[in-house]
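> Add chain Z to chain W, keeping to what the hints say.
Residue numbers (the numbering used here), protein chains in the order written: chain W, 1 to 327; chain Z, 1 to 327.
To be clear, the hints were calculated from the coordinates, so they are not data collected in a lab.
One thing to keep in mind: the hints can contain errors.
With a straight-line Cα cutoff of 20 Å, these simulated EDC-like cross-link-like pairs (lysine to aspartate or glutamate) come out [said to hold, decoys possible]:
#1 K156/Z with D33/W
#2 K156/W with D33/Z
#3 K6/W with E286/W
#4 K156/W with E286/Z
#5 K136/Z with E286/W
#6 K164/Z with D33/W
#7 K164/W with E286/W
#8 K71/Z with E140/W
#9 K71/W with E140/Z
#10 K48/Z with E3/Z
#11 K164/W with D33/Z
#12 K136/Z with D37/W
#13 K136/Z with E140/W
#14 K156/Z with E201/W
#15 K136/W with D133/Z
#16 K136/W with D33/Z
#17 K136/W with E140/Z
#18 K164/Z with E286/Z
#19 K156/W with D107/Z
#20 K156/Z with D37/W
Pair by pair, the computed Cβ-Cβ distance ranges are [what the hints assert, rightly or not]:
#21 A193/W with Q7/Z: 51 to 59 Å
#22 L167/Z with L154/W: 20 to 28 Å
#23 K6/W with F44/Z: 48 to 56 Å
Nothing here was measured: the structure is a model prediction, and the numbers come from that model.
Beta carbons: idealized from backbone N, C-alpha and C, even for Gly.
Number of protein chains: 2
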Amino acid sequence: MSEALKQKILGMVKDDLAEIETALSENLRPYLDLVSDIARHILFSGGKRLRPLLTVTGAKLCGYNGNNTTKLSTIFEYLHAATLLHDDLVDGGTLRRGKKTAHLMWDNSSAVLVGDFLLARSLSIAAETGRTDVIKVVAEITENMSQGEIHQMLHKGAIDLTEKEYLQVISNKTAVLFQGACRFAAIIADAPAEHEQALSEYGYHLGIAFQMADDLLDYTVDSAALGKIVGADLREGKLTLPVIHALATAGDGARDRIIRFVQNPVFAAAEFQELIGLLERYGSIEYTRSQAADHIQSARQAISVFGDCTPKEILMDIAQYAMVRNM
Amino acid sequence: MSEALKQKILGMVKDDLAEIETALSENLRPYLDLVSDIARHILFSGGKRLRPLLTVTGAKLCGYNGNNTTKLSTIFEYLHAATLLHDDLVDGGTLRRGKKTAHLMWDNSSAVLVGDFLLARSLSIAAETGRTDVIKVVAEITENMSQGEIHQMLHKGAIDLTEKEYLQVISNKTAVLFQGACRFAAIIADAPAEHEQALSEYGYHLGIAFQMADDLLDYTVDSAALGKIVGADLREGKLTLPVIHALATAGDGARDRIIRFVQNPVFAAAEFQELIGLLERYGSIEYTRSQAADHIQSARQAISVFGDCTPKEILMDIAQYAMVRNM
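With the rest of the complex left out, here is chain W:
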């Protein structure tokens, strides 16, 4: 089902994706080759372009057909790429989409500075609109994302991270960007407040669900297929919902075993299967999946205020796909 839905979505957004690719390349404009090389390494290595696609589709849903939408949508991919560069460094990540991370391929300094450049680029493009409401959205996202990442860093390896704190972290580090990309679409379309609110909620819930589903992938899918290391989140000290739920639910013996995984995250792939077994036994995989499904439901519900049309169908399908891709 997952593959058929993916193909259906890709069929509907093919032209938009092609335009986004062109715009991402055209609007980068660095004057130094190194900036171009690193920015291209992170930008053009198989990203899904989900964030700019949300902006382009959201604007259409609001009846906007301005010819600058695609260019503006690059803001959200540049912002995303900037945070990937900084976060991989912060997290000590080694692989992304099957390629060496930029701070290893080049060095920490280059990753920091090219991230800064991409951040600045996204703000410059926002500033070009001449609309302060638009710019405020982008500035606020940036502020929230940096604090979300710091929050996560502060809790590295902490076994007392609560589900509430986890939600705050993924809200800041992921959902605000999805939310911003969608809200931005409504703003440039001069949509009524009700529609701006609807798209904003859609983006927020989609972002939460997307991150939960992403966190779940670490415990459900063969990591090699993702171009990642087995148990990468845990190795980086990141506690995500499946483990948080299991720690809160497991009996003493099992809990101690899970804590040992968290506190000493050096394990062979076979040992990691034991942890997955524990997460399954305590219903933690299922719990995470159902929480993500609830947010997908809220996302789809939010845009039900719009009349039926192709852009609405695309957003509905994207929400559905965010859920099934890991089943």
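Quick look at chain Z alone, frame taken from chain W:
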């Protein structure tokens, strides 16, 4: 002379500086203690507040007395602090103003993320003005500064850096921020284009002269007095104008000796005196000083279009002081 001028300036800007200090503290607003700790470490350890002071004084020179000037001026100190956090990491700096740099006191990750936060904060404050011309200034500065720092990093230890390239680097990494702080003042004051241009030029030339004078300090003043390591720039692989000039001017034997310092920058304080001797012999200290003096002259000339008043006197004195502080 330098001390008397400093006291004269401080006497004239005392109240403004006090208001800037309060504003820097009030507008930070992080929700996490770590962000506050690191931001305060870099923000409140003896900075001169030169950049916000340029904005506040420039606005007054343009006849503007809006009550938001001080808050807006923090943009330029936050931006400055953000780049210090990232640059110290990139340069491998160990001491700043006599204190351990943030990436050593905490870690690389914290320095990166708190830098991102300060960058975002400065953009949020700019966005609050609701003026896109103002926001564009800030976004452009950010873009230029990141590229300037990358440019510098790419030339680390390269003995073929030309004076022209050096100017491009210090223009992007230092002068655009001074220029932006001054131009910003004219814009919020709705000053005529002629005055905006005058303040912009003042800021640019002041920034170039300030950086040249700063680069000169590495070769003229007892480093301990600056809270820095002897020959810090060279140890970080940074070629600045005194060395660039000497490499272009010295005869073969002396040139080889200077190249050895650049390529193997591990030296005792006494050995470093030999390098200073070479720089003096080839007139490189004097050349740098005269170049800086020319830019100071251009800065003062630029604001001669304004009628005599206290803010003009302050800006004239600041330019003068930027020059004499290292004599």
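> Would you mind marking each hint as holding or not holding in the structure?
Here's how the hints hold up against the structure:
1. Taking the CA atoms of K156/Z and D33/W, the gap is near 16 Å; set against the 20 Å cutoff, the hint holds.
2. For the hint pairing K156/W with D33/Z, the CA-to-CA distance comes to about 16 Å; that is within 20 Å, so the pair holds.
3. A C-alpha spacing of about 23 Å is found between K6/W and E286/W, which places the hinted pair above 20 Å, so the restraint is violated.
4. For the hint pairing K156/W with E286/Z, the CA-to-CA distance comes to about 53 Å; that exceeds 20 Å, so the pair is violated.
5. Restraint check for K136/Z and E286/W: not satisfied, since their Cα atoms lie roughly 48 Å apart, outside the 20 Å limit.
6. The hinted pair formed by K164/Z and D33/W meets the criterion: a straight-line CA distance of about 19 Å does not exceed 20 Å.
7. Of the pairs offered as hints, the one joining K164/W and E286/W holds, with about 18 Å between alpha carbons and a cut-off of 20 Å not exceeded.
8. Proposed proximity of K71/Z and E140/W is supported: the alpha carbons are some 18 Å apart, at most 20 Å.
9. Among the hinted pairs, K71/W with E140/Z is consistent with the structure: their alpha-carbon atoms are about 18 Å apart, no more than 20 Å.
10. Between K48/Z and E3/Z the alpha-carbon distance is near 15 Å, which keeps this suggested pair within the 20 Å criterion.
11. Only pairs whose Cα atoms come within 20 Å are accepted, and K164/W paired with D33/Z is accepted, the gap being roughly 19 Å.
12. A threshold of 20 Å between alpha carbons decides the hint, and for K136/Z with D37/W the separation of about 26 Å lies outside it, so the pair is violated.
13. Between K136/Z and E140/W the CA atoms are separated by roughly 16 Å; this keeps the pair inside 20 Å, and the hint holds.
14. Restraint check: the Cα-Cα separation between K156/Z and E201/W comes to about 48 Å, which exceeds 20 Å; the hinted pair is violated.
15. Distance restraint check for K136/W and D133/Z: the Cα-Cα separation of roughly 14 Å lies within the 20 Å cut-off, and the hinted pair is therefore satisfied.
16. Among the hinted pairs, K136/W with D33/Z is inconsistent with the structure: their alpha-carbon atoms are about 24 Å apart, more than 20 Å.
17. Restraint check for K136/W and E140/Z: the C-alpha separation of about 16 Å stays at or below 20 Å, so the hint holds.
18. A C-alpha spacing of about 18 Å is found between K164/Z and E286/Z, which places the hinted pair at or below 20 Å, so the restraint holds.
19. Distance hint between K156/W and D107/Z is fulfilled; the C-alpha atoms sit about 14 Å from each other, no more than 20 Å.
20. A C-alpha spacing of about 18 Å is found between K156/Z and D37/W, which places the hinted pair at or below 20 Å, so the restraint holds.
21. Against the hinted window of 51 to 59 Å, the Cβ-Cβ separation of A193/W and Q7/Z comes to about 56 Å, which satisfies the hint.
22. Taking the beta carbon of each, L167/Z and L154/W are about 42 Å apart, not inside 20 to 28 Å as hinted.
23. Range check, K6/W to F44/Z: Cβ separation about 52 Å, and the 48 to 56 Å hint holds.
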